[in-house]
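Got two chains here, each in a separate frame; can you build the complex from them with the hints?
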Amino acid sequence: MYRYVINRLLFLIPSVLGVIFILFLVMSMTPGDPARILLGDAASQAQVDELNRQLGYDLPFMEKYVRYVYKMVVEQDFGVSYFTKQSVFEEIWPRYKVTVSLAFIGIVLSSLIGIPFGIYTAVRQYSLWDTIPSLIAFFIAAIPSFVLGMLLLYAFSLQLNWLPSYGIESFSSFIMPALAVSIPPAAFNLRFTKSSMLESIRQDYVRTARAKGASEHTVIWKHALHNALLPVVTNVGMSLGNLICGAVVAEKLFSIPGIGSLIVDRITYKDEPVIIAGTILISVCFTVVMLLVDLIYAYIDPRIRAKYARVKG
Amino acid sequence: MKNDLILDIKNLRVIYQTDLETVEAINGIDLKINKGKTLGLVGETGAGKTTTALSIMRLLPEKTGKILSGEIHFDRQELLKLSPLEMRKVRGNRIAMVFQDPMTSLNPVMTVREQIAEAIKLHNANLSNDEVDQRVETALSMVGILPSRKNEYPHQFSGGMKQRVVIAMALVCEPDLLIADEPTTALDVTIQAQVLMMIRELRDRIGTSMLMITHDLGIVAKICDDVAVMYAGQIVESGTVFDLFTGEKRHPYTQGLFDSIPSLNTRSNRLKPIQGLMPDPSNLPKGCCFAPRCQHCMDICINERPKQVIEGTHTLLCHLFADSSAAPAPQEGE
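Sequence lines, in order, name chains Y and V.
Reminder that position 87 of the first sequence reads as 87 in the numbering used here, one-by-one numbering, no gaps.
Reminder that position 237 of the second sequence reads as 1237 in the numbering used here, one-by-one numbering, no gaps.
In short, the hints are calculated from the structure, not lab data.
Please note that the accuracy of each hint is not assured.
[Said to hold, decoys possible] In silico SDA-like cross-links for lysine to any residue, where the CA-CA straight-line distance does not exceed 20 Å:
#1 V:Lys1063 to Y:Gln203
#2 V:Lys1063 to Y:Ile220
#3 V:Lys1121 to Y:Ser215
#4 V:Lys1066 to Y:Arg202
#5 V:Lys1249 to V:Asp1259
#6 V:Lys1121 to Y:Lys71
#7 V:Lys1089 to Y:Leu198
#8 V:Lys1121 to Y:Val206
#9 V:Lys1063 to Y:Ser215
#10 V:Lys1121 to Y:Ile220
#11 V:Lys1063 to V:Arg1113
#12 V:Lys1066 to V:Arg1113
#13 V:Lys1063 to Y:Val219
#14 V:Lys1089 to Y:His217
#15 V:Lys1063 to Y:Leu198
#16 V:Lys1063 to Y:Phe24
#17 V:Lys1063 to Y:Gln125
#18 Y:Lys222 to V:Arg1013
#19 Y:Lys97 to Y:Thr287
#20 Y:Lys71 to Y:Thr131
Chain V extracted, bound-state conformation (with noise of 0.2 Å):
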């Protein structure tokens, strides 16, 4: 069972701590993606995703970034044991990540050659010059960029083309997980989905495990295989695609992320946001965190932190449905 996992993330904590505040970004998440599977991390600008990813890639800002505890093992190692040395061997190599702004993620003094001849020869020091350039015109090709256009700068590019130059310089080692940070929100609609396509297409054939985050539920049903839904620093949700999306008990939440969904079938003027906003994770709520803005608040849920519900693959971080399955308590029952 375990030997199935490519990375399994146990109570993760992470804070941002400057002289002037102690920002509690990831508060103690679980997190586990099967070998070859998709995972979705799905919240809002805000909720923790980005960081969970710098965590994984320990790429967090030296200064302020302090991962408080928790272990990440990715593939029987242990990521957070690992030396400066033995990481830079896994970045890029083994774990390889698409960021979120393609404009500003490439250097814009190199070529697209060299930014990716980097990447090759950054872990295959053997290779010869022209057996990279080969890799290099490959990895073009493979994204659909045209591998005469190499020796260009990343200005002579349109957005979606440097997304495509990021995703083949991620890509061009075979990493065994990929981690894309919301790849394509800095693109337009039709770009989005070339691009998302492209990305999946790519996956299957190199047969790599992927970490999605993204705040596109939309992308979620088209890519995943589970879903974790963030919220302030926590899982509040997580399981299949189908668990989230056809289940029956839903995190309130995840409940309002659909919600907020604009919907053709029913004619409505507004939109349905979620009231309110995210608490401000210097300063927690020592409930739920989602309580102020929650429907279904109780006073249990100001004063207590929920306790994860089990079911099966779906768990839950809510009161709600803890009261409801401590009824039917045995959990595996389901």
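Pulled out of the complex, with its shape left as it was, chain Y reads as follows (with noise of 0.2 Å):
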């Protein structure tokens, strides 16, 4: 098991260099560069020039790209912005733990919400409570999560004058962001529960454990929610790509300072060390959170468990 775990953190390597590669890639193909952004049109293309070696974006890609890693891994240094001209990882670091919390606060949320009802709606399939929470996940699954925050900030800020609209200043501020990443997800966890649930409870190990004379609680909740589980988690896991996404449009929406909306603001100033070390750092976030999933499979699956043992064998 420790030697199934190192080995996909081992692996984390790998998948960080070709995130580097691709993003370096990218953005030796897309054209503009940052000089010409932070000059202006006025300045003289010597001028362009002169300012792009000194950022060091006019050197070939992959010189670049061996330079970067080299130093990310040799002196720790993520680089300076092109823009701001600040260490790129103290701009980053702030950014990202409010981006992660928001994210985290998302998934905490989104299975606390749609798990449960997921359940509830499947153990009690037609009846009305089943209906009218489905309903309402499927209305709620159709809404992007602008147009949810945009009405969240319309009816607790504008109208009710409840919560505040902008800033991370106190954990009032936090609520309707972390209601807009939730919500979608949470309608999504709900169906995809529901379905999972369904689809145990027709199993037949359900219909042996009531052969045996199991009581309809014991039925649910010990044979099919155990099965129902299993691939609810991993789409729990899943949904962190989305989650940050989503994070990415509350951020713009509810002005916080989070990684995502930093990053999509840099790439129009083609600002390459803050644009990579942001990927970078979701991208281990995610890999983590991924592992974790993993490990959470193994710990309910008595199967999965098999396979690891035998990596380690």
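In structure tokens:
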């Protein structure tokens, strides 16, 4: 098991290298350069070339790639922003923490809302307790999170004046962004849990449990639920990607200083160091979450556990 | 006489109702199983065998399956009138069931010990954990599995072993009636024989009665005392094994089943199946259900439902014998 975890963590190295490579490649293929954007249209081409050289932007992309990786590994230096001339890491880290906590709240909240409702609607299939939550979930799943965010803003900030409409000064300013990022995945979790639960309720081993004389409660909560949760766990982990996308929108909408909105802003400036460092941090976060999901999966599914045991031996 | 019966089903009718159609799965069947005896329920896929078993267990799909009429007497209890709680005490304790596919009938995330122990604890709340463990081990060794493997999960067992576990689970409370729903269909032939012999031995040791659902006449000959042949939700022929295998009169469907078994003694290049398909159970013919496939089909067969012909222990549902037995009318005379 430990060996498996270490294997997976080691796998982070090639994936991060791959991420950096792809980013440099994409950057080198897109038009525009940071010096022109910084100096404006009035500057002469010679000035632009000179600034690009100073920034290190004019190097061939393979050389940039190797230099970047070297600096990152040996000096733990993510470089300096083309745009603000500040250390990238210092610029990014506080924003990264904000985004990760928003996404984390999103995962927890969407699971806490989606999974229990999913189970409940499956158990009460075809009753009102099923149709109404399912219909609401269906509706919400179709609303983009920025629309939802604007509706929340309108209701709670503009009309009711209960919650601040921007910033991260207090706990209360986190409420609306958290809702905006977690409600759409919650609706998705509900639908996913419901279908997974319905499927496992129909399985033969559930009938076997009933044939043993087990109560309906035991049948559902012990036999059906445990099996139904297996795909749900994976799904929750996968939803992190969507949550980070949702977080970018929420950051913009609620003026939260997060990493997503920072990256989006800097893409227009071709601020390579910031874009790359931000993306690396997000992909590391994603990989670690997927590893956690796999470990949880192994914990709850003996068949997967057996597979890891073989990796060990 | 009546006290000898462990199971007595009278005029059971079951339908599956969906928004689209009504499937007449069981159309008024009568079944009797004597204490300590084994009844074989034979018929092709879709004849209603499993539905019969699920009706006895009252495990029909809740939303669609409906028991329209009939009585199921089990050892002086009327099962259809029991409350869900009372029924749960019967299930697994007094009537146990072995399902068709051992690959899917065990919970993949629970150890074998947990699953067998669950059956014990449900019906013996007073046992201590050690006693339960003891009984799990006894049950496993009874079906020929090393008790040391009790903490393993179903995926670590082969198909035949899984079916043994399922059987151990069914027999661990020593039920009065064991319903075995094609217990060997999913297994390969050598394992089939092993499992069948084991079922027979355990049945004799525990003294349980059994309803053996199968489509294999060989299994019937080996294990059963009585047989009922089911076709399109009806019992078309029933009697002792001797009535069926050696009797003079045979329902054309039963005859077809026998004929479809390939024989080693006569050389033939082709198999002899029963021509045609079973009628659509949502749209049964108005006469005899087997008429469209029957070689002896007469006008009356198409228009009128046949009546039961009773000759001692042997009953037939066919116009062919209604005529002939109408002449030597006294039925008890045989």
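Structure-based check of each hint:
{"no.": "1", "hint": "V:Lys1063 to Y:Gln203", "verdict": "holds (16 Å)"}
{"no.": "2", "hint": "V:Lys1063 to Y:Ile220", "verdict": "holds (16 Å)"}
{"no.": "3", "hint": "V:Lys1121 to Y:Ser215", "verdict": "holds (12 Å)"}
{"no.": "4", "hint": "V:Lys1066 to Y:Arg202", "verdict": "holds (18 Å)"}
{"no.": "5", "hint": "V:Lys1249 to V:Asp1259", "verdict": "holds (15 Å)"}
{"no.": "6", "hint": "V:Lys1121 to Y:Lys71", "verdict": "violated (64 Å)"}
{"no.": "7", "hint": "V:Lys1089 to Y:Leu198", "verdict": "violated (26 Å)"}
{"no.": "8", "hint": "V:Lys1121 to Y:Val206", "verdict": "holds (17 Å)"}
{"no.": "9", "hint": "V:Lys1063 to Y:Ser215", "verdict": "holds (18 Å)"}
{"no.": "10", "hint": "V:Lys1121 to Y:Ile220", "verdict": "holds (18 Å)"}
{"no.": "11", "hint": "V:Lys1063 to V:Arg1113", "verdict": "violated (32 Å)"}
{"no.": "12", "hint": "V:Lys1066 to V:Arg1113", "verdict": "violated (35 Å)"}
{"no.": "13", "hint": "V:Lys1063 to Y:Val219", "verdict": "holds (17 Å)"}
{"no.": "14", "hint": "V:Lys1089 to Y:His217", "verdict": "holds (15 Å)"}
{"no.": "15", "hint": "V:Lys1063 to Y:Leu198", "verdict": "holds (13 Å)"}
{"no.": "16", "hint": "V:Lys1063 to Y:Phe24", "verdict": "violated (58 Å)"}
{"no.": "17", "hint": "V:Lys1063 to Y:Gln125", "verdict": "holds (10 Å)"}
{"no.": "18", "hint": "Y:Lys222 to V:Arg1013", "verdict": "violated (33 Å)"}
{"no.": "19", "hint": "Y:Lys97 to Y:Thr287", "verdict": "holds (16 Å)"}
{"no.": "20", "hint": "Y:Lys71 to Y:Thr131", "verdict": "violated (57 Å)"}
Hints 6, 7, 11, 12, 16, 18 and 20 from the earlier list are contradicted by this structure; the remaining hints agree with it.
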